[in-house]
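Enquirer: Residues per chain, in single letters:
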Amino acid sequence: MVSSLIWALFAAMTIGAAVAVASSKNVVHCGFGLLFSLLGVCAMYVFLGADFLAATQVIVYVGGILVLILFGVMMTHRVDAKNLRSELVQPIAALIAAGLMFVLSIGMIVDQVWPEKAALEAVTPTTKAFGVSFLTDFLFPFEFASILLLVAMMGAAMFTREQKDDEEAGDA
Amino acid sequence: MPEIGLVHYLCLGAGLMACGVFTVLSRRNAIVILMGIELILNAAALNFVAFDRYVAEGLSGQLVAVFIIVIAAAEAAVALAIVLTIFRNFQTVQVNQVDRLRH
Chain A
1 MVSSLIWALF AAMTIGAAVA VASSKNVVHC GFGLLFSLLG VCAMYVFLGA DFLAATQVIV
61 YVGGILVLIL FGVMMTHRVD AKNLRSELVQ PIAALIAAGL MFVLSIGMIV DQVWPEKAAL
121 EAVTPTTKAF GVSFLTDFLF PFEFASILLL VAMMGAAMFT REQKDDEEAG DA
Chain B
1 MPEIGLVHYL CLGAGLMACG VFTVLSRRNA IVILMGIELI LNAAALNFVA FDRYVAEGLS
61 GQLVAVFIIV IAAAEAAVAL AIVLTIFRNF QTVQVNQVDR LRH
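So the sequence lines, in the order shown, correspond to chains A and B.
For what it's worth, this note's numbering labels the leading residue of the first sequence as 1, then goes sequentially.
For what it's worth, this note's numbering labels the leading residue of the second sequence as 1, then goes sequentially.
Here chain A stands alone, though its shape is the one from the complex:
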C-alpha cells in the first residue's frame, strides 16, 4: 500500500520530467528534465530489485552521459546567442505520431495476458550473479562491449581533435 504510493510518486516524477524534456523550449531545462527522468528510472530499478543496475544507472547515466550532454549544450552555442532555445517544429504531427504510438502500445499491454511467475523471488543482491554471468554465459557480449567502448572512445577523441588545416581557416 505505502510502497504503491511511493511507486506512483516516482512514476509521476519520471513521466513528468520526460514530458518536460519533450516540451521545454530551454535546452538547459531539457537537460535537467532528463536528470530527473533518469533518477526516476533508477528508482524503478530499485523497486524491481535490480540493485547493481540502479547503481550503474546513477554512475553511468547521471554521472557520465548527462554531464557529457550538458557540456555539449554549453559548447555548442555561439557567444552572441542570448539564450539557449530550441523551438518545437511540427509539434502537431509529432504529437499525433507519438500519441498514436503511446495509445497503441497501452492498448496492446492491457489486452495481452502476460505470463507471470506464480511467486516473486525474494530480492537478493545481484552482483555475484552478474559477475558469474559475465564470465560464463555472457562472456562474448562482455568482451565485445569492452572493445566497443574502446573503439567509441578512440573515435570520439579522433573526431574532436583540432586539425592543423582547420586552424588556418580560423575556426570558432
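Mixed in with the good hints there might be a few duds.
[What the hints assert, rightly or not] 20 angstroms max Cα-Cα, derived SDA-like pairs, lysine to any residue:
id, chain 1, residue 1, chain 2, residue 2
1, A, K25, B, I37
2, A, K128, A, G49
3, A, K117, B, I37
The hints are simulated quantities; they were obtained by calculation from the structure and are not laboratory data.
Put chain B on the given structure of chain A with help from the hints.
Expert: Relative to the frame of chain A, chain B by itself:
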C-alpha cells in the same frame, strides 16, 4: 491503491518511449534529439528489467539492460563528438541547416 505489477512498469515504459519519440520528431537541435534517444533507450531497458522480474527466470533481462547502458554510453560519446565537429564547421547544431557535405 492496487499492488504494482508488470503492467504498471510496461505503461511507464510506453510513456517514456512516447516522450522520447516526440522529442526526436519535434526538435531541430541535435543535442535535444540525443536527449530523446536517451529516453527511448531508458524505456527499453526498463521494460527488460520488468520482464526479468515478473516473467523470466535468471538474470538475463538485467544483463541485457547493462548492455543497453553500454551502448548508450558509446552512442553519447560518438554522437556528441560528431555534434561538436559539426558545430566547429557550421557554427550551428540545427540539423536542418547542416545540408552540405563540404564547406
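Enquirer: If a hint holds in the structure, say so; if it doesn't, say that too.
Expert: Now the hints, each set against the structure:
1. A:K25 / B:I37: Judged against 20 angstroms, a Cα distance of about 17 angstroms means the pair holds.
2. A:K128 / A:G49: 14 angstroms, holds
3. A:K117 / B:I37: Given that 20 angstroms is the threshold and the Cα spacing comes to 32 angstroms, the pair is violated.
When held up to the earlier numbered hints, the structure conflicts with hint 3 and nothing else.
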